[in-house]
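Build the full structure now, drawing on both the sequences and the hints.
Chain by chain, the residues:
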Amino acid sequence: EPEVTQTPSHQVTQMGQEVILRCVPISNHLYFYWYRQILGQKVEFLVSFYNNEISEKSEIFDDQFSVERPDGSNFTLKIRSTKLEDSAMYFCASSDTGQGPNYGYTFGSGTRLTVV
Amino acid sequence: QKEVEQNSGPLSVPEGAIASLNCTYSDRVSQSFFWYRQYSGKSPELIMSIYSNGDKEDGRFTAQLNKASQYVSLLIRDSQPSDSATYLCAVNKFSNDYKLSFGAGTTVTVRA
Chain A
162 EPEVTQTPSH QVTQMGQEVI LRCVPISNHL YFYWYRQILG QKVEFLVSFY NNEISEKSEI
222 FDDQFSVERP DGSNFTLKIR STKLEDSAMY FCASSDTGQG PNYGYTFGSG TRLTVV
Chain B
33 QKEVEQNSGP LSVPEGAIAS LNCTYSDRVS QSFFWYRQYS GKSPELIMSI YSNGDKEDGR
93 FTAQLNKASQ YVSLLIRDSQ PSDSATYLCA VNKFSNDYKL SFGAGTTVTV RA
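Protein chains in written order, with the numbering used here: chain A, 162 to 277; chain B, 33 to 144.
None of these hints come from the bench; they were simulated from the model.
Not close to chain B: a few residues of chain A, all C-beta gaps over 10 Å, as computed: (1) Q175; (2) V180; (3) I181; (4) S188; (5) G233.
Straight-line C-alpha distance at most 30 Å; calculated BS3-like pairs for lysine-lysine: (6) B/K34 x B/K74; (7) A/K203 x A/K218; (8) B/K74 x B/K131; (9) A/K218 x B/K99; (10) B/K34 x B/K131; (11) A/K239 x B/K74; (12) B/K88 x A/K203; (13) B/K125 x A/K218; (14) A/K239 x B/K125.
In this text, a Cβ means the ideal position worked out from N, Cα and C, and glycines have one as well.
Set out below in structure tokens:
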């Protein structure tokens with residue numbers, strides 16, 4: 162079964178440093194997403210991306226965050242100057258336009274970001 | 033008012049019993065609803081989706097939707113120890129929007 166792949170599985174970074182989280186969505190999918198989950202809290206939407214541009218973003222997704230699809234397979238989330246409160250699991254997901262929003266989507270295995 | 037609300041649990045059921053999970057949502061325009069299972073430290077895994085009022089069955093799982101009451105539930109029949117996990121309710125508001133709003137989840141423990 163096709164998978165969404167995320168790397169690295171765990172990243173430790175110092176406060177103020179930039180990090181890039183990488184995702185390889187399912188190959189024929191056109192919608193891409195980032196969510197995060199702070200330990201013990203709910204999964205929160207960050208951003209959705211379609212046709213090489215952001216289609217929606219949450220209040221969490223401020224100027225320190227950016228997303229990019231640098232080539233035909235990767236989808237990245239960059240956090241420019243990390244803060245302690247950015248420590249969380251970050252999940253990438255993708256969906257097929259043909260399935261529509263009623264079918265849900267598949268999450269990657271996540272990157273655990275720890276800011277120290 | 034929270035967008036999606038679930039009882040946090042823990043919900044403890046004996047092996048073989050039925051586990052019943054509830055979820056309410058605040059926005060009446062919500063279109064589609066999902067149940068995800070999440071094991072500790074892992075990513076959410078889609079179990080069921082439902083968008084029409086009534087019941088939808090898939091194996092041991094049954095989702096129930098009542099849009100008038102803004103309520104969606106999940107029944108797990110013949111619960112197994114491997115069903116022990118946190119169950120997340122997620123809601124999609126619009127037919128042309130793929131963003132999901134999640135509840136905080138209900139932790140289920142199945143006692144052998």
